[in-house]
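Enquirer: Residue-level listing of the chains:
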Amino acid sequence: MTRKLSQAMILMLLIQVSIFSLASAQSEQISSSTVTYTADARTARIEKLKSQFKVQLNDKEKELISTRCTLAQARLKSIAYQLDGIESSRGATYDGIISTLLEINNRLNDQFVDTSSLDLLIVDYQSVVKKFNLSIEGYRLSLDDATSIDCKNNPEDFRAALEGVRAARKPIVDSSQQINDLTKTNLKTTFESLAVRLDIGAPNGQ
Amino acid sequence: MDNEEQKLLRNNPVFIISISIVIAGIMTAVSVLLYLRSDTRKTIEQIRQNNQTSISNEDILPSGKITSESLTAVEKNISEKIHAYDDDADFSPDSLTDAALGL
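Sequence lines, in order, name chains P and V. Following our numbering, the numbering of the first sequence begins with 66 at its first residue and continues without gaps. Following our numbering, the numbering of the second sequence begins with 2 at its first residue and continues without gaps.
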């Protein structure tokens with residue numbers, strides 16, 4: 066009885082180990098091809114950044130980066146994790162604003178109010194939010210590059226990647242500012258003109 | 002004597018099951034500890050925190066006909082949400098300086 070129980074437990078353990086090994090082998094196979102591809106693409110990006118920012122370090126600078134870059138990579142990883150949350154939060158808000166504007170557009174059409182200015186506003190929001198999302202992707206990619214480099218052995222690559230991260234941050238701030246400006250000016254004026262039309266109550270805003 | 006005791010223990014199903022439970026407990030505790038210390042958890046918490054601060058957009062617009070009052074309320078609501086975001090805090094250039102990165 067006890068021997069059978071022990072045998073059954075050993076058998077279950079063996080099955081579990083086999084399944085785990087199989088899954089690991091498959092994921093390794095998939096990830097190895099992905100890693101090769103991303104490594105090639107990353108190398109190309111880093112080379113481009115090196116020439117763009119004219120990265121050339123002397124021996125002292127190389128040594129300094131080699132000894133301290135692990136900590137820097139950990140801090141950059143932390144920034145990347147924070148970025149996930151920021152993207153999620155802002156993405157939900159921006160998408161929500163666009164869907165609200167679309168809903169207002171539909172309802173105003175049902176009320177026979179001219180919505181051409183609102184149509185333009187929605188397109189503007191969609192365009193600038195798309196720009197924001199793309200810049201976030203660029204920033205994330207640059208952070209991935211900087212955190213996945215073997216910085217101890219390739220300090221110049223790491224310096225170039227870091228410059229890439231700094232450069233990739235600016236388009237996010239610019240597009241975010243554009244969303245702010247759009248809200249401060251265009252949204253306000255569009256809604257004010259629509260409100261006037263609604264108060265007049267004439268069809269087609271005439 | 003010792004051999005007999007060991008044999009007794011080995012043949013005792015309660016002993017074997019207890020050992021299995023202890024091992025499973027240790028594995029669970031290690032997994033929970035690793036999860037609590039992992040970056041995945043930090044990310045999830047960050048997302049959860051941000052989702053709590055970003056109010057749902059479904060409640061911006063009241064149902065029924067659009068009026069000038071409802072438009073004013075929506076405009077105010079959207080403006081407040083947009084201006085609540087702080088680019089300097091979310092994408093701080095200071096966090097990318099050599100000094101901040103310890104270089």
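The set of hints was computed from the structure by calculation and includes no laboratory data. Beta carbons: idealized from backbone N, C-alpha and C, even for Gly. The reader is advised that the hints may include incorrect statements.
Unchecked claim - As a list, the in silico DSS-like pairs of lysine-lysine whose alpha-carbon atoms are at most 27 Å apart:
{"id": "1", "chain 1": "P", "residue 1": "Lys195", "chain 2": "P", "residue 2": "Lys125"}
{"id": "2", "chain 1": "V", "residue 1": "Lys77", "chain 2": "P", "residue 2": "Lys249"}
{"id": "3", "chain 1": "P", "residue 1": "Lys235", "chain 2": "P", "residue 2": "Lys115"}
{"id": "4", "chain 1": "P", "residue 1": "Lys235", "chain 2": "P", "residue 2": "Lys142"}
{"id": "5", "chain 1": "P", "residue 1": "Lys235", "chain 2": "V", "residue 2": "Lys82"}
{"id": "6", "chain 1": "V", "residue 1": "Lys77", "chain 2": "P", "residue 2": "Lys196"}
{"id": "7", "chain 1": "P", "residue 1": "Lys253", "chain 2": "V", "residue 2": "Lys77"}
{"id": "8", "chain 1": "P", "residue 1": "Lys125", "chain 2": "P", "residue 2": "Lys142"}
{"id": "9", "chain 1": "P", "residue 1": "Lys195", "chain 2": "V", "residue 2": "Lys82"}
To be verified - Chain P regions said to be covered by chain V (calculated; three or more residues, Cβ under 8 Å):
{"id": "10", "segment": "105-112"}
{"id": "11", "segment": "160-168"}
{"id": "12", "segment": "205-217"}
{"id": "13", "segment": "249-260"}
Enquirer: Against each hint, give a clear statement of whether it holds in the structure.
Expert: For each hint, the structure was consulted:
no.	hint	result
1	Lys195(P) with Lys125(P)	43 Å, violated
2	Lys77(V) with Lys249(P)	10 Å, holds
3	Lys235(P) with Lys115(P)	19 Å, holds
4	Lys235(P) with Lys142(P)	19 Å, holds
5	Lys235(P) with Lys82(V)	22 Å, holds
6	Lys77(V) with Lys196(P)	24 Å, holds
7	Lys253(P) with Lys77(V)	9 Å, holds
8	Lys125(P) with Lys142(P)	26 Å, holds
9	Lys195(P) with Lys82(V)	18 Å, holds
10	105-112	violated (count 0)
11	160-168	holds (count 6)
12	205-217	violated (count 0)
13	249-260	holds (count 6)
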